[in-house]
Amino acid sequence: MPSLWKLAPLALAATAVAGLAQANTQVIDFDQAIAGAGNYLTGSPSNDWLPLMTHGDGIITQDFYAYTFSTKSGAGSGANLVGALVDGSALADNCAFLSCPTGNTTTFLSALNDGQLDIGRVDNGKWRLGGFSAGFIGAAESQSAFGSIAMVLEVDGYIGNTLAYTQNFYLPGLVGGNYQFNSFTMPTNLAKIEVTEVLFYGYACTTGSAPASTCTRLLDMAQFGVDNIAAVPEPEAYALMLAGLAAVGMTARRHRIAA
Amino acid sequence: MKISLKPAALAALALVASLAASAQTDERKTYIVQLRDEPAATYQGTTAGLAATQPAAGTTFQKSSGPAQAYLGYLARQQDSVLSIIAGAEIVARYDTVFNGFAARLTEAEALSLRSNANVVDLFLDEPRKVDTVSTSQFLNLSTPGGVWSTLVSGLALKGENLVVGVIDTGIWPESPAFADRIDANGVPTFDPTATKAYAPLASWAGACQAGEGFDPAKHCNNKLIGARFYAAGLRANGLSQHWSEFNSPRDSASNVHGGHGDHTASTAAGNGGATAIVSGIPMGTATGVAPRARIAAYKVCWTYQTSADANGTNGCFGSDSVSAIDDAVKDGVQVINYSISGAQTTVNDPVEQAFYRASLAGVFVAASAGNAGPANTVAHISPWLTTVAASSHDRSLVADAKLGNGAKYTGASLNTQAVPMAALINAEDAGLPGADATKLKLCYNSPTVLDPAKVAGKVVVCTRGENARVDKSLAVANAGGAGMVLVDASPFGLVAEAHSVPTIHVSAADGALVNSYASTAGAMSSIGAFYNGFKPAPVMAGFSSRGPNLGDPNLLKPDLTAPGVDIIASVSAPLTLAQRNSIAAGTLVPQPAWASYQGTSMSAPHVAGLALLLRQAHPTWSPSAIKSALMTTGTSTLDDGLAGAQNGMLPWSQGAGHVNPVKAMDPGLVYDAGKADFVRYQCKVNKAAVTPATDCSTYGTLDETYNLNLPSITASTVFGNVTVTRRVTNVSGSTATYNASASLPGFSVTVTPSTLTLAPGETKSFTVKLTAGSAPLNTWMFGSLTWADSSHVVRMPVQAKAGRAIVAPEQFTATATSGSRLLTVKTGFAGKMGSKKGGLKEVSMSAPVTLDTAEINKEALLGICKAGSDTANVKVYNVNVPANTIAARFALRQVDVSGGAMADHDMMLLAPDGTTTYSGGPVSDEAVQVLNPAAGNHKVCVVAFGGAPSLTHSLSSWVVAAGDGGATFNTLLPVQVYLNSSATVGLGWSGLTAGKRYLGAVQFLDAAGTAQAATALRIETNGGLPVSMASDTVASKVASQSE
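Same order as they appear, the protein sequences are chains A and B.
Quick note, the first sequence lines up with residues 1 to 259 if you use the working numbering.
Quick note, the second sequence lines up with residues 1 to 1044 if you use the working numbering.
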């Protein structure tokens, strides 16, 4: 994975459109992640500090798990902050010394200090990512470093250990004095691909200004919040596939009758 | 790092949270309540059907206009709707012009119900503030040939013609010729009704003259003193009653008690010239204001009120009354406000500061005093939209000579009129009654009697300054039959020429040591000559002038500039007996005018208010920021005051951009202007919760870094590697000009881009200033300057910056929940692994109750007692062992832990082993001192019962948190790695606290080498979210009169 990212002019065509609202889509919103007992991931090394999350910590919500981790050497579980669940209705408390994105008053999951998020089904089954909402998290006093695009958010879909796709999204800089949550939709072709887990990680665009920004994941400034992950789970996929097979069978039968 | 904060000067955090455990009481307190809609002075027509009411540049607010009447009516209905929630509460005042809201007596429950109302922005507890205290016109080159007053603009001399200064202060003494509107045949101001009228009515004036005790508008207001109002609702709401020396009217109170201040400031800003000032019976020459043709409107908000502790009462100014006065002043149509009253030191989120914000947007220039708690870092009034004035000396020197028998001659301050021929000289230490207290003897106390007449008769006595009033010392010498007094100064007060009971000369501490030494020899003799008008090098910063840096925003310079504030002779009220007071109140006695020599930043602020009037007359459309810029960029350095380090008077923390230079300020060439967009963006950065309307932060955006606010100064508190600062300048000269930049800052390289600017008249251009840290030592302020020059202008601004520590973290944060977490940004100036150590959360420990007698012991005297280390009748000395590895130590008093009622006043000081002090001297007993990473050893916490009742009982709250200290569950989560010139997020979490307790935890952040670079204190009060005392730590009140 590259640690530097040159924004190409075409990359400005960010796909910030309304959220996916399909029937049968499960929306993972993290709103039950803090309060409910038993939400901590079994075998997770340390959940002592929820809502703060360290390297390797995980939570369970709505049949999905979400891990936070760092790829930096020396990352320690129970010691190094790489994420947090943030109550968007109390940013004045939670984010008094941080610039958290507005426009989301529910609980969201954040990656901090160049951390990464890893999301998948607890039963390790397949699912498809339809979209999500996300916003950049800035430091308390470094807002000047970011232009119209604050961060490139990379979303990688995996099947087991095999990379199935990579897609980039662009989190905007300050709007009206705040970073904002925006909804993002996966391109149609990628939304069809079944994966077992999805990684979210960022490149903070700290120097220059778009479209010639240099975006990096080596300054602790790649930080973002994610919420409302639209997941189409496997059973429905099976149902669709079965419907497809049935159609094929019928065709075959018809062929057979015709023959 | 040291901070001294009030229990909850502490941000929105404390204000939002849970209230479950709070012990609510039915006790009512005065709150100032801010509502969401914009006040009329800055309303721009954003509500459908209501037109804009903000005045255009060069005009004043028009309260009787149709749009203003409509909008004021709308605000009144909005206020009525909010007030209906608290129908049972007494309403103290309502505001609509510079502040939208009201002051009311509320229970905690009512305050909470208001806090949750969508129309309420914030609540502020109302607390008393204090007033801070003639040849300056010549010194300032106003009256000299070719000076400012000889300049003509539109055919009128530049003396403040047809402009009005609003003076918010202790009231007015209308008998002073400074406030007359007629002149006699010699041009001297007079109240003779047959004399020539010197002023015509001012058509634009919408103010009023209010009747009251000893104040008849028909007699006492005229075309010079065109307005006089008084505001006592806040005083009374706080249950205080006026002292006998007061008048329930605009009239100032008796000067032998606490009066005089308001006349002094008003006459300094805009008093008539020409009348002879007589001080203590001695003619001192003619007195004049800085803008002698401007009109004066007096707004009385400071009252002498009774206290059980002191028959003389005390004088205080409630914020709720000040906001009423500012509201009216803008409505009335003043162009300039003078505010020589103490103020907030750590925030712009204060009703008075916010009222001044709106006033400035309505075009009103505000001069405020920096405070008299210097040379410590105590500067007040840190808002960028007003001009904060420090105090320095001027060149008049009223001196006399003491000639000793050994031939030595010492010159000191004096108003002595009767020369004393050579007489025996004796140190007070050697002239005591048997058994006299040695300290009181040295200080020449009059009561108790300490000087022995047998030893003193006919001699000149050497007394030392401190504790008791200076005039008390000469009275003691007179009562013992002495012939004269040599008063030895105690730094850093400075010498005072004043009338004494025996011929007196006030010499410096250094000269005094030599006099002391000689006086202890056998046969010592001295004479004291009569005073004469000497010349002294000036200006020199006054020791008492409060120093920066800005305690609320380290990227913004305060004070802004300095002006004369030492030995200023101006009008005051007359001294009165009770009988005289009653006759004046009844209208049967016409009192005399009076003058006195005062010193303080209270005296320097009205010099700047007067200069602003002159600038406003010369340039009617200039904004308050442009006027401030003209005064700052043309300022000149003061002379060396000899103080060490960052307190030195020649540095910007003391003198700001420098001493005012009026002739140059009239034609500055360029100005650094700032207006609504700039200040909204600034407040969206530092005070976002209070920005109204909140949509302004979207409309105007948020300032990225506060050092980018367009001020005529550059201050960068943390430079990792480099910072780039932006500024813009506007050509206010009449012709196109090309300016070249030159800049320097020791230890930094400075690059100005572009380095040449060509500007047409009225044109504005931007430039950047890149500061790159070179050899500058870490975490040490460096001082330099940036100058733009063309062929006829030099536009200079101070530039100060500090190369950053390896880690910068928030000094503290607060919370109210029993479990929770916080995410913090830390700035990092190194690459590698960051470490941490933590301690706590520890519960408060309370001392056993201690009862003390009250005494008005100021900071310096408290330091002396604290150093001595023994309890006195008035001071409790707590010895606190601070172990190695301590991260945070905090000591606090709360009003609820103190007997003696709402006005019980304690002050406290923390004395570290290395002699550094942290002082908290608020108006009541909500006091706190807190230090991070303190040195190990014995720290002394000294609590003084200052006033409010004859004796007071307190319990001290203490926390000492060392690395590894246990307590409630508390953890720190760090980033994996940190990076040079970047920032990272740290997580702090806690759990398992008990409701209704007060906890302190602390974390220390270590660099790659394991050295502590920063610390953050975590204060958790699990007892509710009401606003607690926001009183500043100012001690202005207690040295304001400088009588000791």
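In case anyone wonders, no lab produced these hints; they're calculated from the structure.
Computed from a predicted structure; not experimentally measured.
Cβ coordinates follow ideal geometry from the N, Cα and C atoms, glycine included.
Any given hint could be a false lead.
[Claimed, not checked] Examples of chain A residues lying across from chain B (beta carbon under 10 Å, computed):
hint, residue
1, L50
2, A75
3, V86
4, D123
[What the hints assert, rightly or not] Example chain B residues on the side facing chain A (calculated, C-beta under 7 Å, incomplete):
hint, residue
5, T692
6, A694
7, S819
8, S821
9, L824
10, L980
11, A984
Hints, one by one, checked against the model:
1. Taking 10 Å as the C-beta cut-off, the interface hint given for L50(A) holds, the closest approach to chain B being about 8 Å.
2. A least Cβ separation of about 5 Å between A75(A) and chain B falls short of the 10 Å threshold, and the interface hint therefore holds.
3. Look at V86(A): its Cβ gets to within about 8 Å of chain B, closer than 10 Å, so that hint holds up.
4. Checking D123(A) against chain B by beta carbon gives a least distance of about 30 Å; that is not within 10 Å, so the hint is violated.
5. For T692(B), the suggested interface contact is broken, since its CB lies about 14 Å from the closest CB of chain A, more than 7 Å.
6. Interface hint at A694(B): violated, since its Cβ lies 10 Å from the closest Cβ of chain A, which is beyond the 7 Å cut-off.
7. Interface hint at S819(B): violated, since its Cβ lies 10 Å from the closest Cβ of chain A, which is beyond the 7 Å cut-off.
8. The criterion of a C-beta within 7 Å of any C-beta in chain A is met by S821(B), whose closest approach is roughly 5 Å, and the hint holds.
9. With a cut of 7 Å, the hint placing L824(B) at the interface with chain A holds, because the nearest CB-to-CB distance is about 4 Å.
10. Interface hint at L980(B): violated, since its Cβ lies 9 Å from the closest Cβ of chain A, which is beyond the 7 Å cut-off.
11. A hinted interface residue such as A984(B) counts as satisfied when its beta carbon comes closer than 7 Å to some beta carbon of chain A; here the least separation is about 4 Å, so the hint holds.
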